[in-house]
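Undergrad: Each chain, letter by letter, is given below.
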Amino acid sequence: MNIVEAFARTAKIFAEKEVSQGKAPQVLLAKVQELGFFDKDYGIWSLKNLGETALASYALLKELAKEDASFALMVHSVAINNQLGTYVALERLAVHLNGKNDVINLPAGEVLTDFTAFELVPRMGLKRCRLIRIEGGKTKEKIERSKALLFTKIHIAGICAVALGSAEKALSIAKRYSEERYQGGKVIKEHHAVKILIGEALKNIRISSMALERALENLRETPMTDLLSLWEHVRPACANTVSNCMQVLGGYGYMEDFGIEERLRDALTLRGLPPTGKRLLILLEEEVYG
Amino acid sequence: MVKGLSPQEARARLNLIGRFLYDARAIDLWERDTKTLPWIFRRLRRKYRKFAQETIAPLALKSDSDPHQIDVKEIFLKAAREGLETELMPYPIGTGNPIALAKSFLLGPILKAEEFCAACAGIGLALLAHDLGIAPLFISGDPKATFKWMRRIYGEILNGEPAIAAFAITEPEAGSDAEETLGASRARVGCKAQRVKGGWVLNGRKVFISNGRVAKWITLFAALEGEGMESWTCFLLDKSMKGLSVGRSERKMGQRAADATELVLEDVFVPEDRVIGPVRGGWAINRNVLNYSRPVVGAIALGIARGAFERCLEFCHKHRLNDRPLVSYRYVQLELADMLIKIQAMRAMVWQAARYKIPFQTAGSAAKVFCSDMAWEVCNQAMKLMEENGFLHCHGIEKAARDARLTQIYEGTNQINRLAVVEGQLNAEFNIPDFYED
Ligand SMILES: Cc1cc2nc3c(=O)[nH]c(=O)nc-3n(C[C@H](O)[C@H](O)[C@H](O)COP(=O)(O)OP(=O)(O)OC[C@H]3O[C@@H](n4cnc5c(N)ncnc54)[C@H](O)[C@@H]3O)c2cc1C
Numbered sequence: 001m002n003i004v005e006a007f008a009r010t011a012k013i014f015a016e017k018e019v020s021q022g023k024a025p026q027v028l029l030a031k032v033q034e035l036g037f038f039d040k041d042y043g044i045w046s047l048k049n050l051g052e053t054a055l056a057s058y059a060l061l062k063e064l065a066k067e068d069a070s071f072a073l074m075v076h077s078v079a080i081n082n083q084l085g086t087y088v089a090l091e092r093l094a095v096h097l098n099g100k101n102d103v104i105n106l107p108a109g110e111v112l113t114d115f116t117a118f119e120l121v122p123r124m125g126l127k128r129c130r131l132i133r134i135e136g137g138k139t140k141e142k143i144e145r146s147k148a149l150l151f152t153k154i155h156i157a158g159i160c161a162v163a164l165g166s167a168e169k170a171l172s173i174a175k176r177y178s179e180e181r182y183q184g185g186k187v188i189k190e191h192h193a194v195k196i197l198i199g200e201a202l203k204n205i206r207i208s209s210m211a212l213e214r215a216l217e218n219l220r221e222t223p224m225t226d227l228l229s230l231w232e233h234v235r236p237a238c239a240n241t242v243s244n245c246m247q248v249l250g251g252y253g254y255m256e257d258f259g260i261e262e263r264l265r266d267a268l269t270l271r272g273l274p275p276t277g278k279r280l281l282i283l284l285e286e287e288v289y290g
Numbered sequence: 001m002v003k004g005l006s007p008q009e010a011r012a013r014l015n016l017i018g019r020f021l022y023d024a025r026a027i028d029l030w031e032r033d034t035k036t037l038p039w040i041f042r043r044l045r046r047k048y049r050k051f052a053q054e055t056i057a058p059l060a061l062k063s064d065s066d067p068h069q070i071d072v073k074e075i076f077l078k079a080a081r082e083g084l085e086t087e088l089m090p091y092p093i094g095t096g097n098p099i100a101l102a103k104s105f106l107l108g109p110i111l112k113a114e115e116f117c118a119a120c121a122g123i124g125l126a127l128l129a130h131d132l133g134i135a136p137l138f139i140s141g142d143p144k145a146t147f148k149w150m151r152r153i154y155g156e157i158l159n160g161e162p163a164i165a166a167f168a169i170t171e172p173e174a175g176s177d178a179e180e181t182l183g184a185s186r187a188r189v190g191c192k193a194q195r196v197k198g199g200w201v202l203n204g205r206k207v208f209i210s211n212g213r214v215a216k217w218i219t220l221f222a223a224l225e226g227e228g229m230e231s232w233t234c235f236l237l238d239k240s241m242k243g244l245s246v247g248r249s250e251r252k253m254g255q256r257a258a259d260a261t262e263l264v265l266e267d268v269f270v271p272e273d274r275v276i277g278p279v280r281g282g283w284a285i286n287r288n289v290l291n292y293s294r295p296v297v298g299a300i301a302l303g304i305a306r307g308a309f310e311r312c313l314e315f316c317h318k319h320r321l322n323d324r325p326l327v328s329y330r331y332v333q334l335e336l337a338d339m340l341i342k343i344q345a346m347r348a349m350v351w352q353a354a355r356y357k358i359p360f361q362t363a364g365s366a367a368k369v370f371c372s373d374m375a376w377e378v379c380n381q382a383m384k385l386m387e388e389n390g391f392l393h394c395h396g397i398e399k400a401a402r403d404a405r406l407t408q409i410y411e412g413t414n415q416i417n418r419l420a421v422v423e424g425q426l427n428a429e430f431n432i433p434d435f436y437e438d
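From first to last, the protein sequence lines are chains A and B. Just so you know, the first sequence maps onto residues 1 to 290 in the numbering used here. Just so you know, the second sequence maps onto residues 1 to 438 in the numbering used here.
Hints are computed from structural coordinates only; laboratory data are not their basis. Certain hints may be false.
[As the list claims (entries may be wrong)] Selected chain A positions facing chain B (Cβ under 10 Å, derived; list incomplete):
(1) Lys-186
(2) His-191
(3) Pro-275
Model, not experiment: these values are computed from the prediction. Idealized CB from N, CA, C, for every residue including glycine.
Next comes chain A alone, as it looks inside the complex (with noise of 0.2 Å):
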């Protein structure tokens, strides 16, 4: 069993027999820990062995992201505080950060110290885990340009890989659903309308993940132009997904039991972290022009 298999199938066990039961971040972070995978050379987002641990993280994060997008987003930030010593927030939003600590803001890799915290709350998804934007501060330092462009690289693929594992789980629930549920005489997956939701939902799915996966075999290497398009279509085609499985539960969807709702909830959370949208293409655009 290579690296990848071991992180993803620990990390299935953990998530479905630990986090699906609700149990309290802290104590849940506490068994991320003894399992091994906040290890600063062999953990998660591992700089010694990035080249086999990115794979490895990014199937581990997905893994945790089927049973709790919220709680996946905060392995991924202490993971990344494990390797800097210090959290890190994108654009000014940091998710688990504790307030008191300084932040390094990608991509400019500032050190920032003295800001004000706000925490963005009552917000529509990721309601376990905290997101934090930073306002003022000062600037303490600056962190290698290389490095800062290589941990923002890992935490676009980080959420990406958290917003992906919550959209398979959600298809895994609607492909479940449309085996059972009966109308028009049939079982709905029979129905074209039915195989065209979960048929678009499979290939936002399939694309994203080997985009990603491509991505990650050589993160060092890879374009950020490559990442930034990341950002931007995996997020947007994961809440679609979703969108698409609550489509195929049609009212039973809508309702907080199936857990449909609140995986939309998060994707559109998600996808709403800067930069986003329009902005976001700009920036792109203008990496391509350097």
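Mind docking chain B with the ligand on chain A? Use the hints.
TA: Then chain B with the ligand, alone, in the frame of chain A:
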């Protein structure tokens, strides 16, 4: 500013006729569109907006985060006092303006739905689902329904009672099947009516009924014992009936001010005079109610999109990026323009549906599908434009997105509504008789 080239300056150089033919006024679209309406509807549109802004909008966010703190009955009574809950009942047995109804059955409800839902789609739904519950009385063409039951309900409302109505077709085993021909022919019907002396005994369950918890009156459809949906019959129930109880209210993603509730019927005796329309006439009434109500769902979606657009525009004015108002960036303006174009197209679609003297399947379903899909897109555009502010509750945009998502599901999923367009129009246009099977 480019001197001399702006539309307003350029127009000024023309003669009187040229200026008359060139409308370069900077008037907001709401006013412009309102002016295109016949006088009665212009007045109505202003009245709906006033009510929405004064009564609904201030409660919008609270009704979403804490729906139990909102008293829907109280809001209903406020609307009723202004005559807004009895408009499907023509004067003198209601407040419906007969001239307006004769001009267009749908335009009034459409204008109302847009205004109410621009303020809050949850409260909007609670108020509009009442009209949906009343609709079978009107649409059945049954004089008893009009002169006995409508008059009675109107009387109660006049007396200050929250005589809210609900419309109940959906069953646990028949969601889409209650909205579509082929599905209905194969449906496992759960709600059954058995003839007894002096009336009927009803058993079964209905689910997801908007206003199911707060309604007093329910127009409910049941099949005759041993028969399928072709035998559906419409009954007018009221909550005081023995054996009729309220089950669970769903916890849903959006439009949270309106409850979606299960109704449980255990040997409910319904007297003969509570049958609306003919026995076995229920399927026709149901289909036609949907023809009338789906454009209104289009208008609900339009209202949600417009509300999101207005809030997003305001945000873009106030919010600064790199020390400039967000709205001063061209990419922001382009996105806003795109949203506005979609909203205009939605309004054109629902107003067009209202122009047909008698609503029909294709127009209703097309408007519902188009507007609900567009509303979802517009809300998503607004969310993306506002980045992390888009998902914060306080700005009302994420609420609009959650509210909009429902319009793609209820009154038949958009998939089922597309089938309705296939059924309603492909055959008529291209003589494709076998449109049924996948
Ligand atoms: C908040 C809310 C309020 C509501 N209010 C009311 C109300 O006031 N009164 C009322 O009676 N009902 C109400 N409904 C019910 C609503 O109209 C149904 O939810 C809707 O018609 C879909 O039915 P379903 O949920 O059973 O989904 P299903 O019918 O189970 O559909 C599941 C999926 O299968 C697809 N599908 C099903 N059949 C076919 C087919 N033949 N061909 C192709 N695809 C098919 C659907 O498109 C959907 O994607 C409400 C629902 C909600 C969520």
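Undergrad: Look at each hint and say if it fits the structure.
TA: Against the structure, the hints:
1. Contact between Lys-186/A and chain B, as hinted, is supported at the beta carbon level, the nearest pair being about 8 Å apart and thus within 10 Å.
2. The closest approach between the C-beta of His-191/A and any C-beta of chain B is roughly 5 Å, which is under the 10 Å cut-off, so the hint is satisfied.
3. At a threshold of 10 Å, the smallest CB-CB gap from Pro-275/A to chain B is about 7 Å, leaving the interface hint in force.
Hint violations for this structure: none, all hints satisfied.
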